[in-house]
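Chemist: Sequence:
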Amino acid sequence: MSLPSSRLLLGGLLAAGIAPDGRAAAPDAAVSTLPTVQVDAARVRGVDDFDLPASFSTVAVERDLNGRGAQLSEVLDGIPGLVARDRQNYAQDTQLSIRGYGARSSFGVRGVRLLVDGIPATMPDGQGQLSHFNLLGAERVEVLRGPFSALYGNSSGGVLQLWSADGQRGDPWRVRASYGSDDTSNVGAQLLGQQGIVHYNVAANHFETDGWRDHSAARRESVNAKFGLDLAEGRRLDLVFNHLDAPDAQDPLGLSRAQYRADPRQATAVAYQYDTRKSVRQSQAGAVFTQQSDRQTLRLMAYAGRREVEQFLAVPVATQANPLHSGGVIDLDSDYGGADARWAWHGDLLGRPLELTVGANADRQRQHRTGYENFVGDALGVKGALRRDQRDRVENVDQFAQAWWQWSERWSALVGVRRSEVRFRSDDRYVTARNPDDSGRRDYAATTPVAGLVLRASDDLRVYVSAGRGFET
Numbered sequence: 001m002s003l004p005s006s007r008l009l010l011g012g013l014l015a016a017g018i019a020p021d022g023r024a025a026a027p028d029a030a031v032s033t034l035p036t037v038q039v040d041a042a043r044v045r046g047v048d049d050f051d052l053p054a055s056f057s058t059v060a061v062e063r064d065l066n067g068r069g070a071q072l073s074e075v076l077d078g079i080p081g082l083v084a085r086d087r088q089n090y091a092q093d094t095q096l097s098i099r100g101y102g103a104r105s106s107f108g109v110r111g112v113r114l115l116v117d118g119i120p121a122t123m124p125d126g127q128g129q130l131s132h133f134n135l136l137g138a139e140r141v142e143v144l145r146g147p148f149s150a151l152y153g154n155s156s157g158g159v160l161q162l163w164s165a166d167g168q169r170g171d172p173w174r175v176r177a178s179y180g181s182d183d184t185s186n187v188g189a190q191l192l193g194q195q196g197i198v199h200y201n202v203a204a205n206h207f208e209t210d211g212w213r214d215h216s217a218a219r220r221e222s223v224n225a226k227f228g229l230d231l232a233e234g235r236r237l238d239l240v241f242n243h244l245d246a247p248d249a250q251d252p253l254g255l256s257r258a259q260y261r262a263d264p265r266q267a268t269a270v271a272y273q274y275d276t277r278k279s280v281r282q283s284q285a286g287a288v289f290t291q292q293s294d295r296q297t298l299r300l301m302a303y304a305g306r307r308e309v310e311q312f313l314a315v316p317v318a319t320q321a322n323p324l325h326s327g328g329v330i331d332l333d334s335d336y337g338g339a340d341a342r343w344a345w346h347g348d349l350l351g352r353p354l355e356l357t358v359g360a361n362a363d364r365q366r367q368h369r370t371g372y373e374n375f376v377g378d379a380l381g382v383k384g385a386l387r388r389d390q391r392d393r394v395e396n397v398d399q400f401a402q403a404w405w406q407w408s409e410r411w412s413a414l415v416g417v418r419r420s421e422v423r424f425r426s427d428d429r430y431v432t433a434r435n436p437d438d439s440g441r442r443d444y445a446a447t448t449p450v451a452g453l454v455l456r457a458s459d460d461l462r463v464y465v466s467a468g469r470g471f472e473t
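Using our numbering, you'd call the opening residue of the sequence shown number 1 and step up by one each time.
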């Protein structure tokens, strides 16, 4: 069953590194009502997610930034069924799982579909990244739990979406700065407003720290920009750009219990020997066009990006003597992109509200994966001889449909189906007498239905039952 949530959005003090004092507000302080936010997790126009047969949560990010800090794991803390574990290691991503899906992923996010302003942050191979989620310009985070995601695909645990605020005339520009121990600094700026038909939200952030543990220094710069253009009545174009640069985040590696008890701040000896570290650079752009009338909605989306990753591991030299080993340095260059088109019709069936949505999407990923030895002669922690060279390609083509019908004042139903086809192909370019050709391909296909019923027991209580299947690679 579902209960409505009430969220009180408090205005924060907009200053760099200055907190408000503890004096109580005047009794006659003005109270203003904020505009209603339409949650888009299930994309049923005009229907509150409280009236849908699925489990949703929405977090107002601005409130959390003012109160608890800017870590995504902190913002998501307390959402039922969701675990966002900050590993306190900037060379490793936040581990995200919903109802257990994604908990087994050693890197990246699997089993959960990720989106930023309607643009996918999950690659066609099923792996997503949280590193370019810039919270400074964000307005809210939406979480859909369970495989109730006919409109999204390639996820079993659910969907996590981050939405940036739409700039309006008179919105304040913000500068935030914080400084802490271990030479930690976090400085950000946000430009928010409207000029003519253009709504803009540009947020940039610089983070740097020496790290609490030895050999754990990190630096990260990120920029997220969203421009919304009101082209005409019912027509809107959103342009989204984001960039991340995180060079040489040091990795202190894990400690044994004895090492932790002796000194929890120490790094392992091999972390120093091999200078374990990770560098990430990602740039992405996307566009979403929406045309809306009284009974129809057309949505077109396209995006493209590039992600580069280089990581130095503490793989022993002796282990790399195996001719089949891929080395102790990972070097990935990925180009990706895709498009999505969907059409929704809003009408009546037997005199009761009905919405139908149909659409299709296609994505592609081209990855150049290389591996190198992490030594040259006696020098450790440097890029050495080539040990892997392969070209990976992933493509998916999906079709989907969803229908919502409220056949009485108290009862409604939602059904959906998605057909997914994913093709993997790998071309091995590193072939030697002792390392044979490992090229190959694999195709996957699945049809995933979903259905649910909702009973409106009272104004504040809904009872629902739903069933669905998920698909992930």
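Hints are computed from structural coordinates only; laboratory data are not their basis.
Incorrect hints may appear among the rest.
Said to hold, decoys possible - Below are the EDC-like pairs computed for lysine to aspartate or glutamate, each with C-alpha atoms no more than 20 angstroms apart in a straight line: (1) 383 to 437; (2) 383 to 373; (3) 383 to 275; (4) 383 to 421; (5) 383 to 438; (6) 383 to 248; (7) 383 to 263.
Chemist: Would you mind marking each hint as holding or not holding in the structure?
Modeler: A quick look at each hint next to the structure:
Among the hinted pairs, residue 383 with residue 437 is inconsistent with the structure: their alpha-carbon atoms are about 24 angstroms apart, more than 20 angstroms. Taking the CA atoms of residue 383 and residue 373, the gap is about 6 angstroms. The hint holds against a cut of 20 angstroms. In summary, the hint linking residue 383 to residue 275 is supported, as the alpha carbons are separated by about 11 angstroms, within the 20 angstroms threshold. Using a Cα cut-off of 20 angstroms, the hinted pair residue 383 and residue 421 is violated, with the two alpha carbons roughly 38 angstroms apart.
Between residue 383 and residue 438 the CA atoms are separated by roughly 23 angstroms; this puts the pair beyond 20 angstroms, and the hint is violated. With a C-alpha separation of about 14 angstroms, the suggested pairing of residue 383 with residue 248 holds against the 20 angstroms cut-off. Of the pairs offered as hints, the one joining residue 383 and residue 263 is violated, with about 31 angstroms between alpha carbons and a cut-off of 20 angstroms exceeded.
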